[in-house]
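Please put together the full structure from these sequences, using the hints given.
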Amino acid sequence: MESSANPDELETVIGPMNMVKGEVEGESKKDKPEEAKRKRRRLKVAHPERCIGCLSCMFACSRINTGRASLDRSAIKVKTQGGLEGDFAVVVCHACKDPPCVAACPTGALEQKEEGRVVFHRDLCKGCGACADACLIRAITLDAEGKAVKCKHCGACVAFCPHGVLELEEVEN
Amino acid sequence: MLRRVLYIDLGKNESFVEERHDLFEEWLGGTGVATQLLLEECPKGADPLSPEAPIIFSIGPLNALFPAMTKTVATFKSPLNDELGESYAGGRLAMAMRFAGHESIVIRGAAESPCYISIRNDDVKIKDATSIWGIPATVVGYILRDVETGVGRRSIIRIGPAGERRVKYAGVVADTYRHFGRLGLGAAFGSKNLKAIVISGTEDVELPDPKRYRKIYNKLYRTVVQTDAMEKYHDIGTPININVLNQLKGLPTRNFQESSFEDAEKISGEVLADNYLFRRVSCAHCPIGCIHIGMLKTSFSRQHEFEIRKISYDFELIYALGSNLGVSSPEGMLELIEACERQGLDAISTGVVLAWATEALDRGLINLEDTSGIPLQWNDVDGYLKAIDNIVKMPNEFYSALAEGVEQASEKYGGQEFAMALGKNEVPGYHTGPASIVGLTVGVRHSHLDNAGYSIDQKAAKKNLSPEEMVDAIIKEDDSRGVYNSLVGCLFARGVYSTENIIEALGSVGIEKTEEELEILGRKIFDEKYRFKRREGFDLEKSRIPHRFYETVSTMGMVDPETIETMMEIYRKRRGW
Chain X
-9 MESSANPDEL ETVIGPMNMV KGEVEGESKK DKPEEAKRKR RRLKVAHPER
41 CIGCLSCMFA CSRINTGRAS LDRSAIKVKT QGGLEGDFAV VVCHACKDPP
91 CVAACPTGAL EQKEEGRVVF HRDLCKGCGA CADACLIRAI TLDAEGKAVK
141 CKHCGACVAF CPHGVLELEE VEN
Chain U
428 MLRRVLYIDL GKNESFVEER HDLFEEWLGG TGVATQLLLE ECPKGADPLS
478 PEAPIIFSIG PLNALFPAMT KTVATFKSPL NDELGESYAG GRLAMAMRFA
528 GHESIVIRGA AESPCYISIR NDDVKIKDAT SIWGIPATVV GYILRDVETG
578 VGRRSIIRIG PAGERRVKYA GVVADTYRHF GRLGLGAAFG SKNLKAIVIS
628 GTEDVELPDP KRYRKIYNKL YRTVVQTDAM EKYHDIGTPI NINVLNQLKG
678 LPTRNFQESS FEDAEKISGE VLADNYLFRR VSCAHCPIGC IHIGMLKTSF
728 SRQHEFEIRK ISYDFELIYA LGSNLGVSSP EGMLELIEAC ERQGLDAIST
778 GVVLAWATEA LDRGLINLED TSGIPLQWND VDGYLKAIDN IVKMPNEFYS
828 ALAEGVEQAS EKYGGQEFAM ALGKNEVPGY HTGPASIVGL TVGVRHSHLD
878 NAGYSIDQKA AKKNLSPEEM VDAIIKEDDS RGVYNSLVGC LFARGVYSTE
928 NIIEALGSVG IEKTEEELEI LGRKIFDEKY RFKRREGFDL EKSRIPHRFY
978 ETVSTMGMVD PETIETMMEI YRKRRGW
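Going line by line, the protein sequences match chains X and U.
Numbering follows my numbering, in which position 47 of the first sequence is assigned residue number 37; successive positions increment by one, without gaps.
To get my numbering, take the position in the second sequence, counting from 1, and add 427.
Honestly, I wouldn't trust all of these hints.
[What the hints assert, rightly or not] DSBU-like cross-link-like pairs, simulated, lysine-lysine; straight-line CA separation at most 35 Å:
| no. | chain 1 | residue 1 | chain 2 | residue 2 |
| --- | --- | --- | --- | --- |
| 1 | U | Lys820 | X | Lys137 |
| 2 | U | Lys638 | X | Lys137 |
| 3 | U | Lys1000 | X | Lys116 |
| 4 | U | Lys471 | U | Lys820 |
| 5 | U | Lys642 | X | Lys69 |
| 6 | U | Lys638 | X | Lys29 |
| 7 | U | Lys724 | X | Lys34 |
| 8 | U | Lys646 | X | Lys34 |
[Claimed, not checked] Estimated spans, in silico, between C-beta atoms of each pair:
| no. | chain 1 | residue 1 | chain 2 | residue 2 | range |
| --- | --- | --- | --- | --- | --- |
| 9 | X | Arg112 | U | Asp474 | 36 to 42 Å |
| 10 | U | Glu732 | X | Leu132 | 44 to 50 Å |
| 11 | U | Lys646 | X | Ala79 | 28 to 34 Å |
| 12 | X | Ala79 | U | Leu967 | 50 to 56 Å |
| 13 | U | Pro802 | X | Glu39 | 51 to 57 Å |
| 14 | U | Glu992 | X | Ala79 | 46 to 52 Å |
| 15 | U | Lys903 | X | Glu101 | 46 to 52 Å |
| 16 | U | Phe727 | X | His37 | 32 to 38 Å |
| 17 | X | His111 | U | Arg958 | 23 to 29 Å |
Because the hints were derived from the structure by calculation, they are not lab data.
Where a beta carbon is used, it is the ideal one built from N, C-alpha and C, also for glycine.
In structure tokens form, the structure reads like this:
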């Protein structure tokens, strides 16, 4: 469950309608340690109004990170507001500097690394849901097995968004 | 993969689930399975609007797993043609059925009073719908969204007043903008006192070989978004064909009296895209976003106050409620589409019925008393709006006849030669030539376009195909669609899903098939549909072809009856009948 997306795989699918160019790294080992300490990648909903509600991002997230086709196991959520007539809301982890989900986690399943990113240890998660409650954005949910679904900013969804809604950005620590 | 059929009996107020591995192994899914369930469930000679006539929904093995695998098929006995009823809708239903864990749903019996069905995984409830009976299809969506769970993952399909009152070409609206439009599924819902179905679920699909799955997924996704395979659906959308067919003399105008429309440009896809399109949305798990939503802004006071209506438009609707009624303004055409949406009527059938009525009035077959004083005339949008409401309200014998469809109405009042139905189903928007006429006559998927005869005509116009070659192309398309509609893919993506790609995609979800096996299956599915059709009295020999087809120039020039007869003969021979 902790395997990160394969960048080679992602690069091959970036489409012409997709504004995102370049490599998708996320937690890639290619990050040099000193640089990684200063910078991390963060998923950003750059153009929410361009969303067409196809849910390709959600299926990409679950497919690439869990090997399943699932909405529940996707860390990115596209919500409808008043059905397909309304606007779509794209909910992603904000990659908080001081993440309330980590503070709320009683088992250490959510751990913040030195450079700021948060990693999820699935085996430690007891499914209490404290992280989900702590996240005002509602970016964390629990899957069918009761384990937290947490975005790791890998960029799988970015590569499969046909309308350039999503971007990966670098943030300074 | 869950191979489950959910059986719901509205009369007995009960439901149960059965694993039907046998069925899915032999028939793949979608239309293959739904045809078998219809043969199993529907007694021979059943009245289509009686409790004994079932409604069946089915998805296939690739739905929700691959891009553009977005459709759900419904099979039923059609109240419009009294034989095979088959209709397809996109939206979110296929995904919702997949994650609820039901590949097929069978609805039996009829409820005593208005009801709707709420399905959440295995939790199935038949609930009271008395308070929403009579409410437009559009509004029912808002109401059920508030009282039901599953936001963002559910599908809500519902009927409008037309279905409740059993107009024989009433449709079922799926998730606001998509439809089981054709052949009267809405009337079947109405006859069961069934207003709506809300379905959602939390299952997911574990793939046997995730790596293999991702590989073929990437290939298909790339083809969908990067190549021009689907470009036309992405940009202008299906209405791109308004100008194209108009130039080719294939755009039915004023009840097929002409095949090009002098005002086609005004209601063309290009003009709609430039001036009215404000948004595009997608069916679940399709990156194309072909659902084009136009904004109709109408002033209702001098103080800059506006009504805003969001109307989804497509080629067939612009033909049926635009050129075929001589409607030259986009606003008028959009208003007519919206009236059909609200009432829950199939737009193609409604347009064809109104076109026949307009001509029948002009020729004196009917009079103003019949039309309740509405002087039906080409381009008279207000008159057509009133007539649409009357088709549903049925205030007199004439409108009751219109509610039966153009075949029945013209049997009663005359004018069969310009009653534009094939197989008793009002025809889609193509007067391209013989392949379209023959295709719609022989096809099994009567619901809409069957075997793409219109496209074969267009090829024939360029390449000079012989009647034999056209017939072979029709047969090939019909048979291959048996497989594709069992998956159940969007036909706009049929170019992406080559046989090779289908085999690889099926393999990645654990279903190994060879090209030969698929070919045989497609043919078998076609035969099974004909088994149902014939069982219910369909006779190809007795097909009625409206004379109008021979009077108006088509893309292929004038079509003569002999050509059609020759092609029908070749067809029967090729099929071994």
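Hints, one by one, checked against the model:
1. For the hint linking U/Lys820 to X/Lys137, the alpha-carbon distance of about 54 Å lies beyond 35 Å, and the restraint is violated.
2. A threshold of 35 Å between alpha carbons decides the hint, and for U/Lys638 with X/Lys137 the separation of about 23 Å falls inside it, so the pair holds.
3. For the suggested pair U/Lys1000 and X/Lys116, the alpha carbons sit about 68 Å apart, so the restraint of at most 35 Å is broken.
4. Among the hinted pairs, U/Lys471 with U/Lys820 is consistent with the structure: their alpha-carbon atoms are about 31 Å apart, no more than 35 Å.
5. The hinted pair formed by U/Lys642 and X/Lys69 meets the criterion: a straight-line CA distance of about 28 Å does not exceed 35 Å.
6. For the given pair, U/Lys638 sits about 31 Å from X/Lys29 by alpha-carbon distance, which is consistent with the 35 Å threshold.
7. Using a Cα cut-off of 35 Å, the hinted pair U/Lys724 and X/Lys34 holds, with the two alpha carbons roughly 34 Å apart.
8. Distance restraint check for U/Lys646 and X/Lys34: the Cα-Cα separation of roughly 26 Å lies within the 35 Å cut-off, and the hinted pair is therefore satisfied.
9. A C-beta distance of roughly 56 Å is found between X/Arg112 and U/Asp474, which places it outside the suggested range of 36 to 42 Å.
10. A hinted range of 44 to 50 Å for the beta carbons of U/Glu732 and X/Leu132 is consistent with their spacing of about 47 Å.
11. Distance hint check for U/Lys646 and X/Ala79: the Cβ-Cβ separation is about 31 Å, which falls inside the suggested range of 28 to 34 Å.
12. The given range of 50 to 56 Å is respected by X/Ala79 and U/Leu967, whose C-beta atoms sit roughly 52 Å from each other.
13. Checked against the hint of 51 to 57 Å, the pair U/Pro802 and X/Glu39 fails, with Cβ atoms roughly 45 Å apart.
14. At about 58 Å, the beta-carbon gap between U/Glu992 and X/Ala79 misses the expected band of 46 to 52 Å.
15. Checked against the hint of 46 to 52 Å, the C-beta distance between U/Lys903 and X/Glu101 comes to roughly 59 Å, which is inconsistent with it.
16. Checked against the given bound of 32 to 38 Å, the beta carbons of U/Phe727 and X/His37, roughly 33 Å apart, stay inside it.
17. In this structure the hint that X/His111 and U/Arg958 lie 23 to 29 Å apart at CB is violated, the actual value being about 58 Å.
Hint compliance for this structure: hints 1, 3, 9, 13, 14, 15, 17 are not met, and every other hint is.
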